[in-house]
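Chains as they are written, first to last, in my numbering: chain R, -3 to 141; chain V, 934 to 1191; chain A, 84 to 189.
No lab work stands behind these hints, which were simulated from the structure alone. Cβ atoms here follow ideal geometry from the backbone N, Cα and C, with glycine treated the same way. There's no promise every hint is true.
Below, computed lysine-lysine pairings styled on DSSO-like, alpha-carbon distance capped at 27 Å [said to hold, decoys possible]:
id, chain 1, residue 1, chain 2, residue 2
1, V, Lys1004, V, Lys973
2, V, Lys973, V, Lys962
3, V, Lys962, V, Lys1004
4, R, Lys58, V, Lys1018
5, V, Lys1033, V, Lys1018
6, R, Lys42, R, Lys72
7, R, Lys58, V, Lys1050
8, R, Lys42, V, Lys973
9, V, Lys974, R, Lys42
A short list of chain A residues far from chain V (calculated; beta carbon distances all over 10 Å) [as the list claims (entries may be wrong)]:
id, residue
10, Arg103
11, Gln107
12, Pro109
13, Arg125
14, Thr138
15, Glu139
16, Glu144
17, Ser164
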Amino acid sequence: MKRRSFLSMFAGLCSLPSLSRAQSQVSDPAIVAVTKGARLVRERVKLEMPVIAENGNAVPLKVSVTSPMSATDYVKAIHLVSDRNPVRNMASFNLGPYSGRAELSTRVRLAGSQNVTAIAEMSDGSFWMDRTHVQVTLSACLDES
Amino acid sequence: MKALILIALVFCAVPAAAQRRVISPSDVKSGFEFLGPDLKKLQQDDFANPGTLWVDRGEKLWRAAAGGDGKSCADCHGDARTSMKGVAVRYPKIDERTGKLMSLEARILQSRVERQKAPPLARESEDLLALSAYITSLSRGLPMEANIDGPARRNFELGEAFFFRRRGQLNLACMHCHDANWGRTLFEERISQGHPNAWPAYRLDWQAMGSLERRLRACLSGVRAEILPYGSPEYTDLALYLSWRARGLPIESPGVRR
Amino acid sequence: MSARIQLPAEARRGEIIEVRVLIQHPMETGYRFNDSGTPIPRNVIHTILCAYNGTEVLRAETSSGIAANPYLQFFMVAESSGELLLTWIDDEGVRGTERQSLIVRE
């Protein structure tokens, strides 16, 4: 077998696992609702949430995106997607050059332990993301007060 | 024979006392110590602490005219920052006129109906919580100092008995969690010592502000015991015992709890 | 239903400042039940807008996934003195507003 074709076959085999991961993101309807099927790269976005939430009713969340936030290159929007909430598209925040910094914090509700995904939509139409897992436990005592 | 009876009595008394593992004063810790870092930060942030929304509302209500004579709390009590400072730390306390032990909420209700001639506020209503949160917050940082002498002694003893009595389907007394097992984990939560110094508090579980009474109801629910109605004297008696048990702990209201 | 805004007292022109808002709202999900077992109807804030001197500086489309008594912290570039206007709208069509001034020095 010619070396070039062997190398290209080897490269093809190596890319298969990442292709399936990209495939699952592409087919996830909550993600597609945001990206419309565009390529999603796990870079430039940092999503910070506690590893264990003290209570699923209010979980702190901070998302920051590397971007010059200039007139020609800025974060257009940040979208939050939940894996297990009944409403999976949790929120969308519109930003612009007027923001100065692509960073925001809020408190979210999580219906059980799950992954949360933050997607940054750029002015050039590209999409970037980060994902983190949060453990959410039930309260120890039944409260019917 | 008398000596034998005396010895027998002593032996009967000792096990009961040994079961009561009371927290030593040097070990007394606010529920704050049992929160994770995010909630500790939230409680101390006067802007982001959701409980302060009720405190703000209480401040507005303090100055608002209410009832037949159109009087506000401020008309009689002036600036709450001076007149109400140090008040919450002494509650629950005996009302001089009726001789009954009263919680701060009950006292606010009494003033509203009898002095302002205004319609009563419902227990656990937004307005009552707001006024209670506001008045209690004005004692923030001051140590709890409930008085258990004189006429309050009887209430204190009833409250203490309540604390040590088993109840509910789970057949537990307050002491089993909050004296004997504080600091240990139940599911993912660390059990606190059960002090009342941060109440009224914003409870994440309720997604709202709530009174100490509501929190005690949640405890009864937790051990699957009958939940006594709001305003039951058992709650006020227990609150007196809890205040005594927490003596010296500074008021933190509006607290943030899970 | 009250709301509050936190801004620095003043800023330099071009400085990126932090803005914090807190809105009192139960963000009722529609999944909870009252004492008699009837579901409590859904009512959440669906839109939060911040405009500075009339120009939008933040728009948030929110849902039941945002915790009760919504809290937001974000950033904006201080260009000139003026007023930040916070507006929120919930499912019942109730609209709330709050204002805060900012002094911007050269």
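Problem - Numbers of unmet hints, in rising order - result: 1, 3, 4, 7, 10, 11 and 12
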